[in-house]
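Protein chains in written order, with our numbering: chain A, 161 to 398; chain B, 10 to 243; chain C, 144 to 382.
Treat the hints with care, as some may be off.
[What the hints assert, rightly or not] Looking from chain A toward chain C, a few residues come up when the C-beta cut is under 8 Å (computed):
(1) Ala171
(2) Val269
(3) Leu277
(4) Val281
(5) Leu284
(6) Val335
(7) Val336
(8) Gln350
[What the hints assert, rightly or not] The following label-pair restraints were derived from C-beta to C-beta distances:
(9) Glu128(B) to Glu190(A): 32 to 38 Å
(10) Trp250(C) to Ala193(A): 37 to 43 Å
(11) Ala193(A) to Gly27(B): 38 to 44 Å
(12) Ile236(C) to Arg329(A): 27 to 33 Å
(13) Arg329(A) to Phe155(C): 40 to 46 Å
(14) Gly27(B) to Val326(C): 48 to 54 Å
(15) Thr167(A) to Arg138(B): 27 to 33 Å
[Claimed, not checked] Straight-line distance between alpha carbons at most 35 Å, and here's what the computed DSBU-like set of lysine-lysine pairs gives:
(16) Lys211(C) to Lys148(C)
(17) Lys355(C) to Lys182(C)
(18) Lys38(B) to Lys244(C)
(19) Lys244(C) to Lys182(C)
(20) Lys38(B) to Lys211(C)
(21) Lys211(C) to Lys355(C)
Just so you know, these hints were derived from the structure itself, not from any lab.
Glycine included, each C-beta is placed from N, C-alpha and C at the ideal position.
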Amino acid sequence: MSVPRRTPTLAQQVWLLLQKDLRVEMRTGEVVATSLLFSAVLVSLFVFAGFSTRKAASEGAPGLLWMASAFVAVLVVTRTFEREREDGAVTALLLIPGASTALFFAKLVYNWLLLTLVQGVLLLLVGGVFSVDWFAHGYAVAVALLLGGFGLCAVGTTLAALLAAMRLREVIVPVVLFPLCVPLLIAGAQASVAAIRGQNSGAWMVTILLFDLLFVGLGQWLFGLALEGAGGGEGDSE
Amino acid sequence: MGGALRSVELRSATRFFGRHVALYRCSLKLVAGEVVAVLGPNGAGKSTLAGLLATTLAPSEGEVVAAADRMLDSSELRARVGWVSHESMLQRELTGREQLALIAGLYGVASERVVFWLERVRLTADADRAIGTYSRGMRQRLALARALLSEPELVLLDEPTTGLDAASREVLWELIGDLRAAGRIVVVITHDLDAPPELFSRAVVLSQGRLVADRSGPESLSALYAAALQRVAP
Amino acid sequence: MMSDKLSWMAVFASLAVLSALGVVFGYAPVEASMGIVQKIFYFHVSSALAAYTGFFLCCGASIYYLLKGDRRADVVARAGAEVGVLFCTFVLISGPLWARKAWGTWWTGEPRLMLTMVAALIFYAYVVVRSIGGRTEITRRICAALAILGVADIPLVHFAVQKWRGNHPRVLRNGGISDEMEVALTAAMLAVFSLFATLVLLRIRVGMAEEKVERLHRLATARGNDIEDRRRSPLLENP
């Protein structure tokens, strides 16, 4: 009565989980709609706070762009596991061989896609309000946003999993995420400043890449370890 | 993969949560083909027992040992577990078919099995509705299909009759009978003392985190339960 | 026996702090441009080192805890983080005091000060998560992961901040300090580190006692309870 199985590869598992999340999001549109609305509100706040009248737009605008990205990232990642946790669906997933690693990468890519979408809108909004031409000297700003968004999501997805059951999660996630992402925010903002001035932003890009690699590696390791526990679990020390 | 699962054994397994002791020095060996009823009042440690067997909980002391042709480690055991808990473990936004297809794909089970299981739990007609719109009993049946889809060798059913009508219960007893015939290990945590006694080959009773009775044979569950509880009553 | 050793350590630490104060104020010369405020320097630098020692201790113990599940390592990690945060707070107070006198402003973009602030924020969060999460296995695991992420982040923050602010003129070079100042710095280091070690060991002792209380409580009431549905993974835990 045994049914033949072909063990799926990690990529196949990631694709299945990603597809599932995208399908659900397309059906409800909740996360995309609220995130887009949030970024519009945020940019209007920048306007009312008086930032748009500043002359040094090339200094201020990239900073605000990255700050807005970080805020949106929090909004996106905090909801990462909400739906799966509601009826314990995640338990069923964690029983499946290899699925916890696949879950990390699927959620990472899913969050990254959503964030990239919102970042695109942010780029237009902030660019319009500050009259900055992001692409006057090439597409370095877009590349920095893509790479930086990936790093934000890598840290964010890890934290979302770790803190999924924590009380006051909505506050704790940003409180931990923002300090961890300081190097990313510095490098991202500086890369963008350099890019719109037509300067070389290569070194900052490398910093962003290093950040991405470090936190994807650590995130994947800690995700698995923290979710499933070490080997025999926790012994009681004498 | 190390052959068919032969036995799963708790060896003096204890599980603490902080200061609380959920399960205390529990030893229990389950062998292939056994259908075991686990009885006991709320808070007796039944769900902890299921968590330990499913390996989503690690014992604080003692060990969980699984054997096929060789000893299995906890991730190998986990891959052979099918679990219906008090949560449905389903995602409401998906349809029944999508949910099963997802699980099947992640396990690498052929997609024809999805059709088979939908039919088996009588959900074919409702397979393309969102799970959020299902009744309690339909969800429970889908949860059963989800758990059994991967052909698990250790089946843990935590209150499986919750929300099931009489006809669905018949389906459940039938499924358990099939699993027994196929030589699987089935653990049924139940309050339902009217379950057909001939279905179970063995019954154990937990009380306050301890294993207080362990009987094999066709004794009725309610008689066993009454006797066991009398013994531990203060 | 252990308590005796710790008492002697505490006595030693107190004496070391008192004599360091004596050396700093009585022996080391008053610096020409900064005046008496320059005395902050001795304790500022040694406290910063102590804080980072605490954070690295926390990270190391956390890795061990995650790999081996040994709860003693968790107690050590917690002690390192808490005492590290204490010294880090001192650094964040003495830093602006220094900056006010040296540069006329409370806060500057001085790279090391910014690095310390980020490290402090990360470990403040660690302490907050500890207290919100309570004494559960999942909290222990979450905090271990946070400590590892935080310490792994420190070199990156350092690099980014240096590169960002590195081209600004370094207002103060510590290179040319006199021999007397060097003696005073050594005394302050000794004092701060003996204080640090005493506090860490005390915190570890308290932590071990808490573990023991939990164990005894468990033995006394080895029976069922109402929270049996806790799962192994934070994803599975009910809020």
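Okay, the hints, checked on the actual structure:
1. Ala171: The hint is violated - Ala171(A) has no Cβ within 8 Å of chain C, the shortest such distance being about 22 Å.
2. Val269: Result: violated, 18 Å to nearest chain C Cβ.
3. Leu277: 25 Å, violated
4. Val281: Given a least distance of 27 Å, the restraint on Val281(A) is violated.
5. Leu284: 27 Å, violated
6. Val335: 5 Å, holds
7. Val336: 5 Å, holds
8. Gln350: Cβ of Gln350(A) sits 6 Å from chain C, so the hint holds.
9. Glu128(B) to Glu190(A): 32 to 38 Å: 33 Å, holds
10. Trp250(C) to Ala193(A): 37 to 43 Å: Holds: the Cβ-Cβ distance is about 39 Å, inside 37 to 43 Å.
11. Ala193(A) to Gly27(B): 38 to 44 Å: 41 Å, holds
12. Ile236(C) to Arg329(A): 27 to 33 Å: At 31 Å between Cβs, range holds.
13. Arg329(A) to Phe155(C): 40 to 46 Å: 44 Å, holds
14. Gly27(B) to Val326(C): 48 to 54 Å: 50 Å, holds
15. Thr167(A) to Arg138(B): 27 to 33 Å: 31 Å, holds
16. Lys211(C) to Lys148(C): Holds, at roughly 29 Å.
17. Lys355(C) to Lys182(C): 43 Å, violated
18. Lys38(B) to Lys244(C): Between Lys38(B) and Lys244(C) the Cα gap is close to 74 Å, so the pair fails against 35 Å, i.e. violated.
19. Lys244(C) to Lys182(C): Within the cut-off at roughly 12 Å; holds.
20. Lys38(B) to Lys211(C): Roughly 27 Å separates the two Cα atoms, so the pair holds.
21. Lys211(C) to Lys355(C): Cα-Cα ~19 Å, so holds.
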